[in-house]
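Chemist: Each chain is listed here by its residues.
Number of protein chains: 2
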Amino acid sequence: MDENIRRKPPVIADVAKRAGVSVPTVSRVLSGTTRVSPERHARVLKAIEELGYRPNGAAQALARGDQAMIAVFTSSITWYGYASTIHGIEKAAREAGYLITIAVVEATSPAQVAAAINQVLGQPLAGAVVLEYDPAGVAVLAALPEWLPTVAAAAGGVKATDRSHAYMDDEVAAAQATRYLLDLGHKTVHHIAIPSAGSESARTLGWRRALRDRGISTPEIVVSDWAPMAGYDAARRLLQSNDATAILCGNDDIAIAAAKAARDCGLSVPDDLSLIGFDDQPLSAMWDPPLTTIRQDFANLGREAFKLLISDRAGEPQNIRIVPDLVVRGSTAPPPASL
Amino acid sequence: MDENIRRKPPVIADVAKRAGVSVPTVSRVLSGTTRVSPERHARVLKAIEELGYRPNGAAQALARGDQAMIAVFTSSITWYGYASTIHGIEKAAREAGYLITIAVVEATSPAQVAAAINQVLGQPLAGAVVLEYDPAGVAVLAALPEWLPTVAAAAGGVKATDRSHAYMDDEVAAAQATRYLLDLGHKTVHHIAIPSAGSESARTLGWRRALRDRGISTPEIVVSDWAPMAGYDAARRLLQSNDATAILCGNDDIAIAAAKAARDCGLSVPDDLSLIGFDDQPLSAMWDPPLTTIRQDFANLGREAFKLLISDRAGEPQNIRIVPDLVVRGSTAPPPASL
DNA sequence: CTGAAAGCGCTTACAG
DNA sequence: CTGAAAGCGCTTACAG
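Order-wise, the sequence lines are chains A and B.
Take the first sequence: its position 301, counting from 1, is numbered 301 in the working numbering, and each next residue is one higher.
Take the second sequence: its position 75, counting from 1, is numbered 75 in the working numbering, and each next residue is one higher.
Hint data in this document are derived by calculation from the structure and do not stem from the laboratory.
These figures come from a predicted structure and were not determined experimentally.
Possibly wrong hints are sitting among the right ones.
Note that identical chains are pooled: a pair holds if it fits in a single copy or bridges any two copies.
Stated by the list, open to error - Keeping only pairs whose Cα atoms sit at most 30 Å apart, straight-line, the calculated DSSO-like set for lysine-lysine is:
| id | residue 1 | residue 2 |
| --- | --- | --- |
| 1 | K187 | K159 |
| 2 | K17 | K307 |
| 3 | K17 | K159 |
| 4 | K307 | K46 |
| 5 | K91 | K307 |
| 6 | K91 | K17 |
| 7 | K46 | K159 |
| 8 | K91 | K8 |
| 9 | K46 | K91 |
| 10 | K46 | K187 |
| 11 | K91 | K187 |
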């Protein structure tokens with residue numbers, strides 16, 4: 001087919017030569033910015049086709065000075081909330097013609113954070129969105145150079161900062177869930193916490209506030225991480241040292257693990273123990289009993305974060321708040337005493 | 001601090017000027033390829049520091065002709081298997097100094113596939129790995145230009161192809177799981193299938209083969225997609241029209257959904273119905289009963305795919321095969337009749 | 001509508 | 001060890 005077997009992909013000059021036009025003319029039909037006479041236009045298209053030509057992105061970026069890549073900094077791509085947020089960002093970015101590069105930063109040590117950031121900054125970047133869900137996210141956000149347009153996707157209230165945030169108002173949601181449990185008749189609500197970006201997650205803060213507002217002293221917090229196994233251990237610890245009747249769990253994985261822990265302790269959900277999770281991940285509704293949880297539209301959060309990034313170029317930092325809602329299903333009920 | 005507030009990020013010439021050296025000298029200290037006298041070296045470092053200089057990746061890529069970005073094509077980033085595979089690729093790539101760009105291609109229509117590919121090919125790419133888990137993956141693999149080093153991560157046997165594959169031998173695993181159920185005393189094994197890359201997934205093929213080998217005719221297949229809700233519907237359909245005692249489910253999400261369907265039909269797992277899933281996702285062990293499943297090390301698959309990509313440059317296509325293992329837990333038991 | 005020219009920011013031989 | 005020069009592949013004013 002091809003008369004010339006070439007090692008290197010064809011470049012714009014090859015196309016120009018084959019089409020018998022100048023390089024800028026090829027560039028023009030590529031960009032569509034300027035009229036090109038019909039026959040030349042067709043010749044160029046033909047040459048592109050025959051050569052299988054693709055513009056070199058690095059050269060385009062260099063010449064234009066524009067960048068079409070945005071970096072997503074995250075500490076995980078497998079946990080449900082993280083994956084869903086990234087999905088939302090990716091989709092919005094793709095539709096806007098941007099490409100995504102994912103940089104996973106698991107550590108918080110300045111050296112490792114800096115190394116990860118440097119690798120990514122080697123790319124021509126239009127901006128960055130960082131998932132500020134945990135300490136690694138916080139570290140990245142702080143270490144990113146000021147000149148790089150950046151927005152954070154966060155769970156919980158936003159502290160004073162010079163960067164835009166799209167955030168889930170988990171504080172309000174946690175308070176609402178806690179109140180729901182209290183209104184059911186529970187004397188208090190226990191809490192298994194997820195890792196947090198600051199000293200305490202918004203979920204923990206909301207739970208704390210709801211109890212305080214009702215004059216109830218906060219039980220000791222049990223901490224877990226994102227893994228179900230850790231949630232299981234945390235729940236066992238909690239159940240062994242307390243006569244808890246209700247637990248607000250940091251997320252659905254933990255709530256599901258807590259349900260297993262309860263079973264293993266001879267407790268039944270919701271008759272002996274009420275459980276509320278966070279996220280409404282796809283499996284939560286399949287649980288037995290179906291999980292009462294706080295639905296988080298992470299994909300939407302990601303989308304909003306991306307929109308902020310694109311729009312706020314050179315403005316004041318802006319925040320956008322998303323309020324999650326409580327989905328009541330079968331894992332919550334009045335405490336055993338009040339039956 | 002800084003005497004010059006500049007709109008644009010500093011470039012290498014700014015550093016050279018400030019350090020009182022030539023541009024190539026800065027380039028040399030940056031790359032470390034050539035000796036630079038100690039004092040000049042120090043001056044350059046200082047200037048870089050003061051200016052907050054970062055090399056422009058597009059310019060570097062252009063000048064060097066080398067690429068440090070690899071594209072991952074996938075139809076999803078949220079489903080467990082996909083996310084875990086991407087995680088494995090990302091980690092291996094990062095450690096090798098490569099960056100990842102994620103291209104989500106959900107459609108299979110030639111136009112949409114081509115559009116997605118073109119957007120990515122605009123980047124300077126070292127290669128691509130495509131998750132060939134479904135029709136979209138197959139379409140992408142077929143549409144990628146030949147000159148781009150590409151490897152596929154697949155679930156199941158590899159057909160004759162000119163691209164390297166890292167694959168999970170799901171056929172063998174499915175056959176093993178089916179035999180396990182048969183050995184438990186089940187007369188036959190039903191199957192709820194996931195979407196497949198070809199006409200039938202390797203999981204389905206293995207199940208089919210195991211039954212055939214025992215002279216058992218294959219029950220009608222019920223198809224589902226990745227969503228638990230779809231799995232639930234599929235399971236209900238199956239349970240309503242059959243007296244199934246064992247089901248090999250296309251993945252854990254489906255198995256968990258099938259457990260709910262069974263419950264809703266008044267059946268108990270594993271006493272009335274045995275269930276086997278695929279994946280061993282984190283929640284599967286938390287299930288009640290804990291799920292018997294075929295563990296898939298997706299992260300390892302992703303890692304191997306990346307290694308193939310880096311090594312096979314300019315060689316024959318190579319395949320690497322990973323064999324998943326059956327993890328027996330509580331969702332499988334002899335059929336009710338044999339109790 | 002179209003080409004010659006300059007430039008994007010870096011790297012790599014080439015000569016000292 | 002170091003600088004002047006050319007070049008990577010494209011785009012964008014500038015003149016027709």
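Chemist: Would you mind marking each hint as holding or not holding in the structure?
Modeler: We went through each hint and held it up to the structure:
no., hint, result
1, K187 <-> K159, "neither (32 Å within a copy, 62 Å between copies)"
2, K17 <-> K307, "neither (42 Å within a copy, 38 Å between copies)"
3, K17 <-> K159, "neither (58 Å within a copy, 40 Å between copies)"
4, K307 <-> K46, "neither (38 Å within a copy, 37 Å between copies)"
5, K91 <-> K307, "both (11 Å within a copy, 28 Å between copies)"
6, K91 <-> K17, "neither (38 Å within a copy, 43 Å between copies)"
7, K46 <-> K159, "neither (56 Å within a copy, 34 Å between copies)"
8, K91 <-> K8, "between (32 Å within a copy, 29 Å between copies)"
9, K46 <-> K91, "neither (32 Å within a copy, 41 Å between copies)"
10, K46 <-> K187, "neither (76 Å within a copy, 62 Å between copies)"
11, K91 <-> K187, "neither (44 Å within a copy, 46 Å between copies)"
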